[in-house]
Amino acid sequence: MKRKTKSLKRRRFIHNTIVHIFLGILGFIWVLPIFFVILTSFRAEGGTYKSYILPRGYTLNNYKKLFDSASNLNYERWFFNTLIVAICSCLLSAFFVLCVAYVTSRLRFRMRKKMMNIALILGMFPGFMSMYAVYYILKGFGFLEAGPLKLVALVMVYSGSSGLGYLVVKGFFDTIPKTIDEAAFIDGATKWEVFRKITIPLSRPVIVTTLLTSFMGPWVDYIFAKVILGQDRQYYTIAIGLWTMLEKEFVEYYYTQFFAGCVLISIPIALIFLFSQKFYVEGVSGAVKG
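For the sequence shown, position 79 matches number 79 in full-length UniProt numbering, and the numbering has no gaps at all.
Hints are computed from structural coordinates only; laboratory data are not their basis. Any given hint might turn out to be false.
Stated by the list, open to error - In silico DMTMM-like pairs for lysine to aspartate or glutamate, Cα to Cα no more than 25 Å straight-line: (1) Lys65 / Asp187; (2) Lys50 / Asp187; (3) Lys248 / Glu76; (4) Lys226 / Glu193; (5) Lys197 / Asp187; (6) Lys150 / Asp174; (7) Lys226 / Asp174; (8) Lys113 / Asp174; (9) Lys139 / Asp232; (10) Lys113 / Asp181; (11) Lys150 / Glu45.
Bear in mind that the values here come from a model prediction, so they are computed numbers and not experimental data.
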């Protein structure tokens, strides 16, 4: 009996060791590109490709040049444009998603299941398939005439179809007992009051999850932003601005500044995720439970 117990412990130890080594290798491979980006952002040597990974010298000038007016970069303007678009899109998208999820979870009406199936099918198609149609629609309505209107158009594009991603939130709403809603209806509450005063306060984890995912999309998007903003450099988002730094005529000069800019735009996302990680896990687990 003791021999069997020892052999089982030995097998378990060997199995756990192999698994941890494998996960450690995968983790190293995953972290290596991030490590390279951070190191390159502090590299003192200019130019693009180097035959070595560790820089020969380190400097903060790459970060300073991003905000230097003599460098002909509008990094702070690009950052501000992206922040405004991401916040507005985040709030609108979250509102649309929550409304659609509440309607499909709590209300029963004709064609409900068919509409849910249609939304599910449409959500499987990538959004950039419709970018030219969206472009000409916005152009026809005059949203592409001026820079500020282009940013408004970008917010409309990001938030317009966000309601199709309601399934995760609906799954969380399904876990909330309907008896709570019925008790509120007996007390004279309307559906809007139940949604605003009962469902929303009970759904904080999934709301944080929705806000986080709605914020990340506009923050890193390049395709739609490039199509809508065109060549209006003053109203570029951060993704387009960073990409222009890698163009053939600028790449030798702005290569290390590009990596510095990448590090800076990753900081807000990392901080938001760290502070909201608890709610994010609870929101996703609640949706799976439903």
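Hint check:
1. Lys65 / Asp187: Between Lys65 and Asp187 the Cα gap is close to 62 Å, so the pair fails against 25 Å, i.e. violated.
2. Lys50 / Asp187: Distance of about 71 Å is beyond 25 Å: violated.
3. Lys248 / Glu76: OK: Lys248 and Glu76 at ~23 Å, within 25 Å.
4. Lys226 / Glu193: violated (41 Å)
5. Lys197 / Asp187: Measuring from Cα to Cα gives roughly 13 Å; hence the hint holds.
6. Lys150 / Asp174: Given pair Lys150, Asp174 is violated - Cα atoms ~38 Å apart, limit 25 Å.
7. Lys226 / Asp174: Outside the cut-off at roughly 39 Å; violated.
8. Lys113 / Asp174: holds (15 Å)
9. Lys139 / Asp232: holds (15 Å)
10. Lys113 / Asp181: holds (22 Å)
11. Lys150 / Glu45: violated (38 Å)
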